[in-house]
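A.B. asks: Respectively, the protein sequence lines represent chains A and B.
Heads up, the first sequence is in the numbering used here, so the first residue is 20 and it goes up one at a time.
Heads up, the second sequence is in the numbering used here, so the first residue is -18 and it goes up one at a time.
Just so you know, these hints were derived from the structure itself, not from any lab.
Note that the structure is a prediction, hence the values are computed from the model and not measured.
Take these hints with a grain of salt, some might be off.
[Said to hold, decoys possible] Cut-off 20 Å, straight-line C-alpha distance, at most; resulting in silico cross-link-like pairs (DMTMM-like, lysine to aspartate or glutamate):
{"id": "1", "chain 1": "A", "residue 1": "Lys188", "chain 2": "B", "residue 2": "Glu(-12)"}
{"id": "2", "chain 1": "B", "residue 1": "Lys(-5)", "chain 2": "A", "residue 2": "Glu169"}
{"id": "3", "chain 1": "A", "residue 1": "Lys78", "chain 2": "B", "residue 2": "Asp(-14)"}
{"id": "4", "chain 1": "A", "residue 1": "Lys78", "chain 2": "A", "residue 2": "Glu185"}
{"id": "5", "chain 1": "A", "residue 1": "Lys188", "chain 2": "B", "residue 2": "Glu88"}
{"id": "6", "chain 1": "A", "residue 1": "Lys188", "chain 2": "A", "residue 2": "Glu160"}
{"id": "7", "chain 1": "A", "residue 1": "Lys182", "chain 2": "B", "residue 2": "Glu88"}
{"id": "8", "chain 1": "B", "residue 1": "Lys(-5)", "chain 2": "A", "residue 2": "Asp129"}
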Amino acid sequence: MCAQSPRDRLFGEWLGEHRGIMARVASSFAPGGADRCDLEQEIMLQVWGSAESFGGQSKASTWIYRVALNTALMWSRGLGRRRRRIDPGASVDAVPEGAAGPAESAAKVDLLEVLYEGIRALPDTDRAVILLSLDGLSYREMSEITGLTENHIGVALTRARAKLAERLKGVRNELE
Amino acid sequence: MNWNDWEFIWRRQKAPIGADADLERLRASFEASHRLQSRALLVRDVAEAAAGVVAAAALGYFGLRLGRAGWPFAFAVALILGVSGFFVLERIRASRIRIGPAATVLERVEADLAEMRRQRKLLTSVAVWYIAPIFLSELIVIATVAGRAKPWEIQRDPVFLGAFVLLMAGTNGWAWQINRRAVRKRIDPRLAELEKLRSDLLSGS
């Protein structure tokens, strides 16, 4: 059995504590199935690759959020290009992937997946701030991750929440 | 349902288990992609720099064979080496401004934007730093060879010379078109995406 390198050890610790960050970022940017798995793998790959340059200059979670969001945003831009190549007229947000028909959704509503679908339908930057907010990060932490000022975060979050609430209104009505 | 309900649903989701990430597979995948990328970059850089050096060496050889009359070839060699040097300097500059993997989202977007703008600038000014020196060096070679030829030799034939210059101009014009097309089809859409992303990030409205 070979000894673990410091990078592997650190990554192992990160996986234990922060694996959820990678999964949630992937699920917020990629629709289900192969895309989500690909993005999650890519995020893990980038986080593992970045572990060597981590010197404790920020909290591990901040570091992981940054790497994961940068990877997801880059992936998302690439996805947009790939989709445009396939169908120049298609709108990425027009039909949420895996959307259920009315009868089916009335019968069974996976609220978490509905929430993810709502998040994925938002513009990239709104997705990022909503995700960080739902994960319970403070404005200061969100500012460290995004590079925006706390004031900006506040404004962006209000705007993103309004958009998300609008998208989730249908579900709300359906349930009430 | 209000926002707190959605937050509750979010926080109730199960955290994935860390053990399903295969370190060996990640390492192999990372190293393979890193190796591929490094090799591609090396091949590109060497090819770009070497093409100029080989062309300059060939011109130098023919210039020397012409003896004293071949002195204008020195200018042609200098122009081609200048283009190669420019390529090398650009690569060095680009490698120095790369930012780390855990830069903030805004820093990453701005770095990508700066890199894309730099590429656009290079491609739109390709006529100045690439096509013009190459075309000029071609003209120097043609003029020198024609000047040394006997009046009855084909190198002095105006029709031949005109056709040759037209061919060179056409080739260079085609190279310019390819670069313009790359700007239009590849760079501009990405630039627009990045600018939108940056403006979304910074928009306070």
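A.B. asks: For the pair we were handed, A:Lys78 and A:Glu185, check the Cα-Cα distance against 20 Å.
C.D. replies: violated, 34 Å
A.B. asks: Given the hint that A:Lys188 pairs with B:Glu(-12), does the C-alpha gap stay at or below 20 Å?
C.D. replies: Given that 20 Å is the threshold and the Cα spacing comes to 15 Å, the pair holds.
A.B. asks: Below or equal to 20 Å on CA atoms is what counts here, so check A:Lys188 against B:Glu88.
C.D. replies: violated, 34 Å
A.B. asks: Between the alpha carbons of A:Lys78 and B:Asp(-14), is the straight-line distance 20 Å or under?
C.D. replies: Not satisfied, since the Cα-Cα distance of roughly 29 Å exceeds 20 Å.
A.B. asks: Decide if the proposed pair is consistent with the structure: A:Lys188 and A:Glu160, CA atoms, cutoff 20 Å inclusive.
C.D. replies: violated, 29 Å
A.B. asks: For the pair we were handed, B:Lys(-5) and A:Glu169, check the Cα-Cα distance against 20 Å.
C.D. replies: violated, 30 Å
A.B. asks: Does the structure keep A:Lys182 and B:Glu88 at a Cα separation of 20 Å or less?
C.D. replies: violated, 25 Å
A.B. asks: B:Lys(-5) and A:Asp129: Cα distance at most 20 Å?
C.D. replies: holds, 14 Å
This entry does not satisfy hints 2, 3, 4, 5, 6 and 7, going by the numbered hints stated previously.
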